[in-house]
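A.B. asks: Just so you know, numbering that gives the first Met the number 0 puts 19 at position 20 of the sequence shown, and the rest follows in order with no gaps.
One thing to keep in mind: the hints can contain errors.
Said to hold, decoys possible - Lysine-lysine pairs mimicking DSBU-like chemistry, simulated, CA-CA at most 35 angstroms apart: (1) K100 with K74; (2) K55 with K84; (3) K84 with K100; (4) K104 with K84; (5) K114 with K56.
Keep in mind that the hints were calculated from the coordinates and are not lab data.
In this text the structure is predicted, and so the values were computed from the model without any measurement.
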Amino acid sequence: MVPVFAPANFIPVRGEGSRIWDQENKEYIDFAGGIAVNALGHAHPVAVNALTEQAKKLWHVGNGYTNEPVLRLAKQLTENTFADKVFFCNSGAEANEAALKLARKVGLDSGVAGKSGIVAFNNAFHGRTLFTVSAGGQPKYSQDFAPLPNGISHVAYNDLEA
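Full structure from sequences and hints, please.
C.D. replies: Following this line, the structure appears as structure tokens:
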């Protein structure tokens with residue numbers, strides 16, 4: 000595998016809630032369970048049932064289609080939040096990339112010079128796309144991919160003077 004992270008020194012083989020077990024049946028608390036888009040824990044019966052039922056109907060469709068569960072979720076989100084539109088994507092990196100692009104577009108569309116810049120924190124992590132590693136302010140992850148997106152300023156986290 001490409002060495003983009005240092006995996007744990009054990010291999011999980013099953014999970015339940017916040018717990019995982021390795022090949023030797025040793026139990027761990029999964030403090031990394033919220034990484035990416037998996038914040039629901041492992042193998043919750045309601046989630047397993049919902050996934051099983053959906054897999055029997057329709058496994059996957061690209062963005063050339065929509066589907067009933069997506070329409071129901073979009074309706075719930077727009078009726079119960081501030082938003083009147085939603086954008087679904089596959090990962091946190093894609094969500095952050097879209098947010099950065101949207102922020103830049105709003106700035107450019109404002110017609111005010113200098114409003115398209117992005118301010119981000121040093122030593123952050125927003126994903127592994129070119130824009131998100133650039134916004135992360137960690138040169139060790141972005142330096143080999145020049146030219147990087149411009150217009151990103153980095154400041155220290157919690158430095159109110161910055």
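A.B. asks: Hints first: check each against the structure and report whether it holds.
C.D. replies: Outcome of the hint check:
1. K100 with K74: Holds, at roughly 24 angstroms.
2. K55 with K84: holds, 29 angstroms
3. K84 with K100: holds, 16 angstroms
4. K104 with K84: Roughly 16 angstroms between the alpha carbons, so the hint for K104 and K84 holds.
5. K114 with K56: Violated. K114 to K56 sits at ~46 angstroms, over the 35 angstroms cutoff.
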